[in-house]
Amino acid sequence: MEDELNPQQREAAVHALQVAHSPPLLVIAGAGSGKTKTLAHRVAQLILSGVDPSRILLLTFSRRAAQEMVRRARALVQRVVSNARPLLWAGTFHSVANRLIRLHGNGFGLAPEFTILDRSDAEDLLDVVRTQQGLAKTDRRFPRKATCLAIYSRVINEQFPLSVCLKENFPWCGAWEEELQGLFRGYAAAKRQRSVLDYDDLLLAWFYLVREPEIARRMSARFDHILVDEYQDTNALQAAILLALKPEGYGLTVVGDDAQAIYSFRGATVRNIFDFPSKFSPTARCVRLERNYRSTQPILDAANAVIALAPERFAKNLFSTRTSAQQPRLVSVEDESFQAQYIIERILEHREAGIALKQQAVLMRAAHHSDALELELAHRQIPFVKYGGLRFLEAAHVKDLLCILRWAENPRDTIAAFRVLQLLDGIGPAFAERACEHLGRSRFEFASLGDFPAPAPARTDWTALTALLTRLRDATTEWSTQIDLCRRWYTPLLERRYEGVAARLGDLNQLESIARSYRTREAFLSELTLDPPEATGDEAGPPLLDEDYLILSTIHSAKGQEWNAVYVLNVLDGCIPSDMAAGDQQQIEEERRLLYVAMTRAKNDLYLMQPLKMFVGLQPRFGDRHLYAPRSRFLPDSVLSWFERISYPDAHPVLSPEPALALDLSARLRDLWG
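Numbering (the working numbering), first residue to last: 1 to 674.
Hints listed in this document are in silico derivations from the structure and should not be mistaken for laboratory results. Check the hints yourself; a few may be wrong.
Unchecked claim - List of simulated lysine-lysine pairs, PhoX-like, C-alpha gap at most 20 Å:
no., residue 1, residue 2
1, 559, 603
2, 358, 559
3, 37, 559
Model the full assembly from the supplied sequences, consistent with the hints where possible.
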């Protein structure tokens with residue numbers, strides 16, 4: 001069985017098998033290095049060395065990963081012992097927390113028959129408390145229930161004070177700190193009264209249990225060995241739980257890769273894996289898995305060069321026995337339309353060479369970056385599925401804005417009207433119906449809505465909506481200005497209703513860019529309805545009637561996947577790294593890791609795309625314009641020798657970025673426009 005492993009994998013698998021108190025082990029598993037295989041072999045080796053399988057705890061980040069690990073370990077053990085006992089404790093942090101809380105929660109005052117709220121139920125209960133505390137009827141608009149729950153989740157998982165969480169993640173809610181504190185106290189009391197926990201409470205309750213010395217001792221005594229997959233994705237709460245269970249590190253094995261730590265938006269912190277060795281005395285043993293079984297050596301050379309510029313990392317140098325004369329390509333194109341054209345040409349070229357569409361993937365930093373490509377793929381009738389984000393035209397904020405345009409185009413469209421009206425505070429279905437009836441009696445003149453009394457919380461927005469619809473309906477209002485008019489009215493509502501405001505505003509900017517290719521509002525709305533982008537969400541299957549399809553994915557959703565050919569969109573400052581990371585060095589470094597993850601998904605062919613110009617929509621002082629965009633700061637001149645440089649069709653390369661001078665796109669705009 002050990003013969004199936006390379007020397008480094010074998011070192012990790014057999015670490016301290018015969019030692020009564022096995023010292024802690026950190027396995028730094030590079031991309032494509034056989035991490036799952038190594039961890040499964042370690043579980044099997046522990047069982048074969050005499051460890052009771054029921055005293056092994058395996059923690060993963062998905063049920064599917066746990067099942068695969070258990071399946072592999074069982075198959076390995078059964079080669080030697082046909083009747084081995086099963087591995088009883090394997091699953092996600094939250095599923096294991098649920099089991100342990102039910103076993104030990106009585107000592108904490110928690111009834112074992114508690115139930116768990118899903119996110120929708122949690123939002124509804126939080127909203128009940130929000131209403132009871134009078135926060136739904138304030139003279140200023142209090143954050144909606146979804147935003148409140150997102151804040152609550154961040155505070156729990158990151159273990160930061162509410163003030164820090166608001167400042168760093170929800171600055172527009174900062175004025176409500178005291179009220180949010182009261183809301184969360186009331187929410188916790190409401191859950192206690194009903195004997196329920198929400199998703200985040202599972203980890204919190206587990207954490208509080210292991211802070212009780214006697215409970216922590218009994219819980220720890222259940223397990224001789226604890227093994228954790230994807231340790232770089234743990235948050236502060238999860239790391240604290242592990243250290244409370246195994247304070248000396250005995251029997252603790254964690255596997256992960258600091259270079260693939262990309263989920264800080266979920267509360268994960270790369271510090272957990274960086275600091276793990278020093279948490280123990282003597283320090284944890286560190287084994288590095290550097291042999292890559294996925295990519296060709298030229299791709300790994302380029303990826304190694306990119307990540308080597310990170311100021312803090314576990315040094316490793318991925319290598320492969322898969323040689324190739326083809327370097328990864330760094331492709332300069334004139335703009336986003338040429339980017340789409342070049343990618344489609346290469347996709348079809350690879351397909352003719354025998355590489356199926358589903359063995360090719362287009363990766364992007366943000367879901368809306370692929371909108372132009374999606375439209376061109378639909379036009380060329382190339383089937384695809386998209387992972388990461390909703391369907392572009394079905395995302396709530398995109399639908400909101402399109403419904404404003406639809407209602408202006410057809411005042412009798414009550415479906416669009418109901419959605420638009422209920423965006424306003426204090427307006428529900430009954431009022432929306434009465435307003436539509438009033439509009440009908442007034443011969444569908446939008447100005448008549450100004451005479452219809454709106455609820456007090458909606459009056460300011462109601463007056464502005466009436467003016468907007470009247471202006472949109474006016475034949476003298478140019479189509480080229482209409483989406484910008486809608487955005488100006490809608491943006492404050494978007495900020496109050498949804499999380500991820502910056503990314504959603506990016507979607508609306510992209511919608512505006514798409515609209516520029518249509519002459520009229522009617523043509524724009526009709527074409528998008530009859531032939532929408534075929535982007536599908538994470539839970540969707542392949543396109544009907546197509547046995548082959550291209551993969552589009554955000555980089556976050558692509559982690560753990562691999563394809564023969566990978567195309568990475570918009571490798572520019574302002575996109576990778578995202579402009580939302582500007583000014584925060586930790587976020588900038590996570591953006592570097594994102595690019596590294598994207599590059600290491602490719603097996604044979606890798607294309608990094610560099611549009612030289614990016615469209616910037618209707619700006620107050622300058623209007624529509626294309627701005628020159630700098631190459632990503634993560635690709636300085638020092639790494640370019642690892643790439644084949646391509647210009648398409650006749651793009652002219654811009655000045656290379658210097659780390660001290662390379663500004664994100666937003667910063668360039670601020671400098672330009674003041």
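*Failing hints, ascending?*
No hint contradicted; all consistent.
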